[in-house]
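Q: If you read the sequences in order, they're chains U and E. If you count the first sequence from 1, you need to add 708 to reach this note's numbering. If you count the second sequence from 1, you need to add 45 to reach this note's numbering.
Worth double-checking, as some hints may not be accurate.
[What the hints assert, rightly or not] Some chain U residues well away from chain E (every beta-carbon gap over 12 angstroms; in silico):
| id | residue |
| --- | --- |
| 1 | Glu859 |
| 2 | Asn1059 |
| 3 | Pro1111 |
| 4 | Arg1165 |
| 5 | Phe1193 |
| 6 | Arg1201 |
[What the hints assert, rightly or not] Straight line, CA to CA, 30 angstroms or less: simulated DSSO-like cross-link-like pairs of lysine-lysine:
| id | chain 1 | residue 1 | chain 2 | residue 2 |
| --- | --- | --- | --- | --- |
| 7 | U | Lys1205 | E | Lys203 |
| 8 | E | Lys237 | U | Lys1435 |
| 9 | U | Lys1287 | E | Lys237 |
| 10 | U | Lys957 | U | Lys1341 |
| 11 | U | Lys957 | U | Lys1287 |
| 12 | U | Lys1202 | E | Lys275 |
| 13 | U | Lys1287 | E | Lys275 |
| 14 | U | Lys1205 | U | Lys1435 |
| 15 | E | Lys275 | U | Lys1341 |
| 16 | U | Lys1341 | E | Lys115 |
| 17 | U | Lys957 | U | Lys1023 |
| 18 | U | Lys1435 | E | Lys275 |
| 19 | U | Lys1205 | E | Lys275 |
| 20 | E | Lys411 | E | Lys455 |
Calculated from the structure, these hints are not laboratory results. Where is the CB? At the ideal position from N, CA and C, for every residue including glycine.
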Amino acid sequence: MTFSGALTLTDLDDFLAPSQACILPVRQTNKASNQEEGTNSNTEIHIDENNNYYEVAISAKPSTAAEPPSLKPLTESGSFTKKSYGDAAEALNSALSGIQAMQGGVEKPLAASAQPEALQKAEISLNDCLACSGCVTSTESMLITLQSHLEVQTYITSHRAYLGHDVDAQPSNGEALVEPDSRTGVISISPQTLASLSASYGSAHGRNIPLRTLLRRIRHFLTRGEHGQWAGVWDTTFARHLSLLEHVKEYKERRAVGKGKQPAEGIRSTSAHVISASNTNDDLARGLDPKTSAHGNGLPMLASACPGWVCYAEKAHGELLGFVSAVRSSQGVMGALVKQWWGSKHGKRPNEIYHVTVMPCYDKKLEASRSDFYSSVYQTRDVDCVLTTGELDLLLRERGFDPWAQVPGEDEDNTSCPFPELLQHPGTSSGSYLHVLLTYLAQEHRNPTTLTARAIRGSEDHVEFLLVDTTTGEIIFKGAKCYGFRNLQNLVRKVGKETGLKGAAGGRAGAGGKLAAAIAARRRAGRTGRATAGGTSTPADSSGASTPTTTISPDDRTLDYVEVMACPGGCVNGGGQMKPNATSQNERMVEPDGIAGKDEEGYPRVWELEGVESKKLDTTTPQIDESMRWSTKAWVAQVETMYWSDLPTPPASPPSTDTRSSGSLKPFESLQELHDLSSSREFSRADDLAKRIIIDVCRPASGRYDEVMDEQAEHNRWEFLRTRYRKVETDVGQLTASAVKW
Amino acid sequence: MSGMELVAELKGHTEPAWCVAWNPTRPLLASCSTDKSVRLYTYRFPPSSSSTDVAVPIFTFLTEIPTAHKRTIRSIAWSPSGRTLVTGSFDSTVGVWEQLDERDEGIERSGAMQANDEGEDGTGEWECVTTLEGHESECKSVGYSSDGALLASCSRDKSVWVWEVQPDSDFECISVMMEHTQDVKTLAWHPKEEVRYFDLPSPILASASYDASILLFADDPDADWGPFQKLQPSLPAVDPTMASGLNSQDEQMSLAGDEAKPSSADNDDKNDEFTVPALKDPETIWSLAFSPCGMFLASGGDNGGIRIWARGLSWTDSQSSSELDRDEDDLGRLASTGGDGRILIWQVRKTSETILSSHLSSPVPKIIATIVGLQERAHEIHDINSVAWCRRSVPEEEDASSPGHARAVKMQQRTRQLLATAADDGSVKVWRAT
């Protein structure tokens, strides 16, 4: 087999830069001491069998002890044939895996005569990775292991050593070496986690544990001395309450700015600010107030509670970041609440608290690692470690937790918990961001309002909500819930189009010429045509043809707010949740000859791999396929049901377990119901506490809570409850090209 | 053996040309290149030769679209209507191009194309009407479904996307499928509009990948788009009658011909000058082509072999079954080319014999592939990246007695022998099978 005679190495930048390649090692500036002294500049890098890297002076003695393969992956990639442009990245990937191996390698001197110099390992921190465009997705496993249940187990062991529990109970030598950890432990558990655990335990035993009971059993278990004597085992719904209040406040700020307003310099200053932001006091001194940029942005407002979506927006759609809500997620608020407010109440500095959250989603680990949630003063994070639901289950099982064992006081109302427990904001099981806003806007509006919901393409994961003034027929709000990657794509296109951001950017292939303008005009004409022709849909039109031009059709009304979540079904279906209990499923769950994979939305699919054999497809495969998929959807529905099972007032039409639907739309489509559910005594207590906490933290000069407080207090509030986003540069091509020379 | 003659050599791209595409309704040939441009050529038949079917068309350069793509345009495809051109680029985006009509901007101009069939109507300015973003890395292939209602794209990011074509050049993403484990190299839509799946009709999309597998996707009415079958060419190496191979490198293929039917390729003994490599190792699949009847799928892999996949009987809908009953054995011609610079044309026929072996669930008709055309060094020393048959369509709704219909039928007959290739030297060549 011969190569084409025309094979040349040209225009290597033509393919997209391999984003999976980590560029950090290239930028390491450590030099071998020999080189610095100038005594020996000819060295080679050797790798021993443990993947340790050594620099060996080749002039001293030609080394035969080891092959010099370290640079091979890179040079090999220079020899690609034309057809393997795209595959060059795969070669570069091996360079990355080499780096990972270095991190995990064991220190061991190489027995070579040339005095090899052990090279410093490349240290890649989570922050480096978050600042890079690529390998976060491809080496998530590495990031996830940084925050694992093992780390929590280690903390428990160390904290027990501090508490002195191990002195007589654990005579083992290993334990004696543990360095005592004096930090006070706090675990904050998301309500979706409790729902998932409850559904999982319930399906194994045929009996459900109410979320509140389960939370208290876990609390009772973990506050015992042998399990680390955690000072707090709470849920995150009160933090979510604070987040939701701030959410409404931000919506009003944005509404005052208007639609589609997003000054470009706002984004730049935000990103510049974030990159330099290590100390808030420095920022104040420089006069860089981050909230100005947020105030500059208008509608639509896009929810930011889903770290998967935020991560995607930062990487792929930096132009939309100005529309992403700056309010911290419930995890983010919980972090500030525990380390700042609760800590100061109990005389603990932030670094004297070990805060673990339990979330339905792996991406929350990335969120907790964001620089905004790191205090350089105390060198600690608001959330030290994030576990997924499955990891908490593992931790509890390893420590012998029995969810069925009753504990004293598990049914009592009063607990030692400093926050209201399990506030079930009515709306969606992903946090009810949209519904809380709807409830607020309906209350705020002077006239009675009507809420209508429309599922796009019949999908429960893409629903548009219209809040209409019942008297005038005017649409006062158009919101949507948009879950899952595919719906997210269309949302991004829609928002880009509505805000004109895509047009302003020119599109990558240059849309925006005369034809594009003509088509846009046609679209507008088509819409107004539809609005007048199909006029019966709006009350204004039913009164006659006199006012059609003043009525904006629902299609023409641009979005005001979108509750965006990356997972189909929302957070109850998060990637870190419990998987359906295999034993509780019927036998068809057992994998057939085909292989089971996951589709893009996380639902398992089965396909045949029997080559041309297609008989199975006709008879067995579709059924198996169905069974697999529906069992998963039914499982998510079951978690959804558990999530709502603790509602103070049962919803009018509670979601049934056998339905495929997520049940999040149906029970809460009436404004009255939303209003009733969210005006209970529990919520007003939560409101009062939220205000007290804001006063405690923000220290307004007036000493009392206001919607808008004095400047310093507002700044404190911003730091307490909000965060920033930055566009991740995707094109690292130039950087690698300029940094690599041969 | 030749069996083919050179009709035109079209130079112009300054960098390797990657893909050629014939417009199904208009006399246009498009090519794309690493130089980030699309070149359009038109062709017409000399009036004097109108009485004979062996007329050789004359090709002329029409226009160049200097796209704003930032990197190589790897793939181009026409919509079935012939009005829209899509470009898939290594810059990860898909461009959608339509022609600016100076006569009446913004108003549909149906029927205007047929009347203009012999002339050049591609001169109007082509503009990007929308850009589809979403792929994380290089887009490798794009294609419209047979009815033009869906557009698919695939990428090195291992995903296959399906977009719904909406009025006024709008697109909505209806599926992102990530079942491949590697770079997705190419895709092909089933030529028939609807195929039964789960009792309901659905278009079928095939995709091929560096992961050495072909996936078949369909729209599950109860859920979303998803794969329903995985084909791995490395599997049945035991049965030599299943494989057909040539000693070439990667293969680019295009199937042409009219109605034809069922299963499994055979090596033609007459061509023993070619050695047949064993197709047992997993290999990247570079190209896919459905037979015009939709009953067969050909795949070209890294080792130079071509595999032909037969549609199992249980998979067929009633319509296709009835076609099976017809005693028609011409499956059309299959053209293949690759890095070896060779173009091969195979005549593929179904025999009355059937094959039933252990790895087959139902008997499939044995098919025979005979080489009827061979061109060595078709682009001199250069790798050939793409081959495409000219497939002019005859509008179904057209009144069979109308002049437009007659013109379309005539054009289809006159162009069916034409195929185009694109190569690393940036040139496009048009060939006629004789």
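Q: Holds or violated: Lys1202 (chain U) and Lys275 (chain E), Cα atoms, limit 30 angstroms.
A: Between Lys1202 (chain U) and Lys275 (chain E) the Cα gap is close to 34 angstroms, so the pair fails against 30 angstroms, i.e. violated.
Q: Looking at Arg1201 (chain U) again, its CB stays over 12 angstroms from all of chain E?
A: violated (8 angstroms)
Q: Check the hint pairing Lys957 (chain U) with Lys1287 (chain U) against an upper bound of 30 angstroms on the C-alpha distance.
A: Status violated; Cα separation ~37 angstroms.
Q: Please verify that the nearest CB of chain E lies beyond 12 angstroms from Pro1111 (chain U)'s CB.
A: holds (33 angstroms)
Q: Verify this label for me: Arg1165 (chain U) is non-interface relative to chain E, using a Cβ-Cβ cutoff of 12 angstroms.
A: violated (8 angstroms)
Q: Has the given pair, Lys275 (chain E) with Lys1341 (chain U), been kept, meaning a C-alpha gap of at most 30 angstroms?
A: Judged against 30 angstroms, a Cα distance of about 24 angstroms means the pair holds.
Q: Given the hinted pair Lys957 (chain U) and Lys1341 (chain U), is their alpha-carbon gap at most 30 angstroms?
A: violated (35 angstroms)
Q: Regarding the pair Lys1341 (chain U) and Lys115 (chain E), is the alpha-carbon distance no greater than 30 angstroms?
A: violated (42 angstroms)
Q: Are the Cα positions of Lys957 (chain U) and Lys1023 (chain U) separated by 30 angstroms at most?
A: holds (27 angstroms)
Q: Given the hinted pair Lys1287 (chain U) and Lys275 (chain E), is their Cα-Cα distance within 30 angstroms?
A: Holds, at about 26 angstroms.
Q: Hint check: Lys1435 (chain U) vs Lys275 (chain E), CA-CA at most 30 angstroms. Holds or violated?
A: Since the Cα atoms of Lys1435 (chain U) and Lys275 (chain E) sit roughly 38 angstroms apart, the hinted pair is violated (cutoff 30 angstroms).
Q: Taking 30 angstroms as the top limit, are the C-alpha atoms of Lys1205 (chain U) and Lys1435 (chain U) close enough?
A: holds (20 angstroms)
Against the hints set out earlier in the document, violations occur for numbers 4, 5, 6, 8, 9, 10, 11, 12, 16, 18, 19, 20.
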